[in-house]
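Sequence lines, in order, name chains A and B.
According to the numbering used here, the first sequence holds residues 1 to 191 in order.
According to the numbering used here, the second sequence holds residues 1001 to 1206 in order.
Watch out, some of these pointers could steer you wrong.
What the hints assert, rightly or not - Okay, the calculated beta carbon distance ranges per label pair:
1) A:Arg51 <-> B:Ser1188: 18 to 24 Å
2) A:Glu74 <-> B:His1142: 41 to 47 Å
3) B:Asp1079 <-> A:Leu23: 33 to 39 Å
4) A:Val21 <-> B:His1074: 43 to 49 Å
5) A:Cys33 <-> B:Arg1073: 52 to 58 Å
6) B:Arg1057 <-> A:Ser97: 55 to 61 Å
7) B:Leu1137 <-> A:Ala31: 36 to 42 Å
8) B:Thr1044 <-> A:Cys33: 39 to 45 Å
9) B:Ser1171 <-> A:Glu74: 33 to 39 Å
10) A:Ala31 <-> B:His1074: 51 to 57 Å
11) A:Ala34 <-> B:Ala1180: 38 to 44 Å
As the list claims (entries may be wrong) - Calculated pairs, EDC-like style, for lysine to aspartate or glutamate (alpha carbon to alpha carbon, straight line, at most 20 Å):
12) B:Lys1082 <-> B:Asp1020
13) B:Lys1097 <-> B:Glu1148
14) B:Lys1059 <-> A:Glu61
15) B:Lys1140 <-> A:Glu57
16) B:Lys1059 <-> A:Glu57
As the list claims (entries may be wrong) - To spell it out: a stretch of chain B is covered by chain A in this simulated footprint if at least three of its residues, at any positions, have a beta carbon under 8 Å from a beta carbon of chain A; those stretches are:
17) 1040-1052
18) 1136-1149
No lab work stands behind these hints: they were computed from the structure.
Note that the Cβ used here is the ideal one computed from N, Cα and C, for glycine as well.
Given next are the chains, with one letter for each unit.
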Amino acid sequence: MDCGRFRDNHAAFIDNALDDVTLSAMRSHRAECADCADHDATIRRALLLFRNLPTIEPSAEFGRRLNARLRATERSLSWSHAGTRGPSWTSFAWAASGVLAAGYILVANFGRVADMRHQELALAPVVVTAPVPSATIDSAPVGPMRISPMASPAIVASVSMGMPVWPAALLAAQAPMHFAVTEFQVVSLRR
Amino acid sequence: MAAEVAFKRIVAPKWSTMEDSAVVGAFLAGDERAFQVLVERYQTRLLNFVYRTIGDREKAEDLVQEVFIRVYRHLHRFDRSKKFSTWVYTIASNLAKNELRNRSRNPLVLFQTIRRNWEDEDRPLQFEDPASRPDDLYRKRHLRELVEASVARLPEHHRQVFILRELEGKSYEEIAEITACNLGTVKSRLNRARTSFAEIIAPALR
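Pulled out of the complex, with its shape left as it was, chain B reads as follows (with noise of 0.2 Å):
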């Protein structure tokens, strides 16, 4: 039996209540249920993760449902004393980095990335208030779309850290763990990235 994810709101207050290593201890002994409760929990935070990583929504969807694949056939030799969202960090994380080397390597995939963001300005505004005035709107997607060019703009091992602390909230230990950096080089990337981030976004501010 596959596991059948439903993508709805998983309302069983047995779930809902149990710690992540929990859920994973009930996958593996047979309840395919867990696995679509870890699938609930995470797949909104690792797109967000992954999409302010590299910047291409779509890429991001397929690198997240390519976590999940990798969970799912891994699962088993999960060390289990450790968490759980750290180790799935880990896994988007390296993703995230493959895809951006990809991307150094392959001009045309940075074209096409580019090509898509291009296409994304055609889109209608779906996701701002529609209570809000057009000017309001204009100037709420270009303070987004400043803000998103200001993340893209940080070298890539700043910027995954800065998003897991700033985005996730993921503690400077954490970070160190899923980035495979010791806590020293964790704390002056994200002081730097902190501080260029700023310095880019500041004169739009003005």
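Extracted from the complex, chain A is given alone in its bound form (with noise of 0.2 Å):
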């Protein structure tokens, strides 16, 4: 064995943790060199020392200060166990009332929803102009109901045989026309 292993197994050596073979190996470096025999008498009287420093008690006011501190602590402790236990009467109350409101608005906007699930969409009643009778084109009074002389029976009936395209249209653009106006209302909000 040399001194640097005797250095490096020098902790082990001293608590006693080495196997039998290194053991009896660093006894016998030490027993040769005085180098690391110097070295292991100081370090065993320097250990040796500090071993017997004495020991410290706890002073007298030590006892009184954690009784103080742990019934703090205990203190604190149920003030937040009694939080995980349940809410007070105070934020029960509260708690409550808040559920009975919400659940008041949503049975009133309930009852609403469902009253417009009920609704049915119809369309607005059409109103519309009676058809001029034919006997009367000619004599209708001028005005925006007069009926074109040209939109006469026998006029539409010739367009189908085979009529220029430029007196069709003419006679398209002079038709009558009398759109009705209609669009879906809510005719009822009632069932």
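Quick one: dock chain against chain with the hints and give me the complex.
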């Protein structure tokens, strides 16, 4: 064994944590090497001093102060436990009234939604002008309701017989336009 | 009912023969006296460990109290398959490390600590053997201060390992768990700490 290995193993040597072979080699080296023997003795003496330092005892106040701190800790723990056990009466009352209010709002809105579901969409009544009898076309008064004489049944019948395009277009432009305006309306909010 | 800590030797044989894990179990089952037993068992050991680590007696007491407060609050979360002592020392070690870190950030704290040590110089010798001769008392006191000063000069991570091994007699495995290091690091730090400590104190012993 050399000095380097002796120093590396020295902690285990002091703690008696070496196997028999290494322990024997360490002892042999210590007996042979004055430097390592000196190193070993110095460390053992220093450790002996340290291990023999007087033990310090807690002061007389230690127990009293610890008791006070423990009581304070216990109080804080019981507060936090109380917080986890359940709500107080006040917070319970607040929570209950909140739940009631939310329930009321929900029920009221649910009724309205249900009403809306049962409404039916219906077409508004179509108001149209009664067609003018063909016999009165020529005798109709002058005005927007007067039908052009070019739209007589005879002319209309002649269109399918092969009239040129332009007269037909002119004819169509002058044809009376009576469109009914219709839109979807909610006619009732009741069932 | 608060956990009243009596700080007197608890004579009930039931407690003295119980393992830590059984005492912890009794406390968790609602027996408040079990906490007194744990305090009684560990207060002096923890105080010495923390004091040797930070070098301030008053602060060490505060930190040990903090250890017990944390134990009281979190014992229900302690993994009972592990050693209670390792858990307690881990808490103490972390608190001591935080204290040293705070001191390095806040020089005022360091100054207060130094002043307290000065005041210690003025205190009467209470813990020495009164039968000793005055020169023996002086020599012993000087030696004690020398040893404490030498330990204080070790780097913090070496010092904790050194104290846990030499003062508390912890195994390498326990030290590794307490300091959150691997086994190789513990062995290496312990070897260096022992050598450094011996080198620091050796000139004074010749």
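Do the hints match the structure? See the list:
1. Distance hint for arginine 51 (chain A) and serine 1188 (chain B): a CB-CB separation of about 21 Å, consistent with the stated range 18 to 24 Å.
2. In this structure, glutamate 74 (chain A) and histidine 1142 (chain B) meet the distance hint of 41 to 47 Å, their C-beta atoms being roughly 45 Å apart.
3. The hint said 33 to 39 Å for the Cβ distance between aspartate 1079 (chain B) and leucine 23 (chain A), and at roughly 36 Å that hint holds.
4. In this structure, valine 21 (chain A) and histidine 1074 (chain B) meet the distance hint of 43 to 49 Å, their C-beta atoms being roughly 46 Å apart.
5. One distance hint, 52 to 58 Å for the beta-carbon pair cysteine 33 (chain A) and arginine 1073 (chain B), holds here, with the actual separation near 54 Å.
6. At roughly 58 Å, the beta-carbon separation of arginine 1057 (chain B) and serine 97 (chain A) lies within the given 55 to 61 Å, and the hint holds.
7. Distance hint check for leucine 1137 (chain B) and alanine 31 (chain A): the Cβ-Cβ separation is about 39 Å, which falls inside the suggested range of 36 to 42 Å.
8. Judged by the Cβ atoms, the range 39 to 45 Å given for threonine 1044 (chain B) and cysteine 33 (chain A) holds: they are separated by roughly 41 Å.
9. Look at serine 1171 (chain B) against glutamate 74 (chain A): about 35 Å separates their beta carbons, and that is inside 33 to 39 Å.
10. The beta-carbon spacing between alanine 31 (chain A) and histidine 1074 (chain B), approximately 53 Å, falls within the hinted interval of 51 to 57 Å.
11. Remark: the range hint 38 to 44 Å for alanine 34 (chain A) to alanine 1180 (chain B) is upheld by a beta-carbon distance near 40 Å.
12. Restraint check for lysine 1082 (chain B) and aspartate 1020 (chain B): the C-alpha separation of about 11 Å stays at or below 20 Å, so the hint holds.
13. A threshold of 20 Å between alpha carbons decides the hint, and for lysine 1097 (chain B) with glutamate 1148 (chain B) the separation of about 18 Å falls inside it, so the pair holds.
14. Between lysine 1059 (chain B) and glutamate 61 (chain A), the direct Cα distance comes to roughly 13 Å. Compliance with the 20 Å bound is thereby established for this hinted pair.
15. For the proposed pair lysine 1140 (chain B) and glutamate 57 (chain A), the alpha carbon gap of about 19 Å is at most 20 Å, so the pair holds.
16. Among the hinted pairs, lysine 1059 (chain B) with glutamate 57 (chain A) is consistent with the structure: their alpha-carbon atoms are about 14 Å apart, no more than 20 Å.
17. For the segment 1040-1052 of chain B, the assignment as covered by chain A holds, since 6 residues bring a beta-carbon within under 8 Å of that chain's beta-carbons and 3 suffice.
18. Judged by the Cβ-Cβ criterion of 8 Å, the segment 1136-1149 of chain B is covered by chain A as claimed, because 4 of its residues qualify and three suffice.
Violation of the numbered hints given earlier is absent; every hint is satisfied by the structure.
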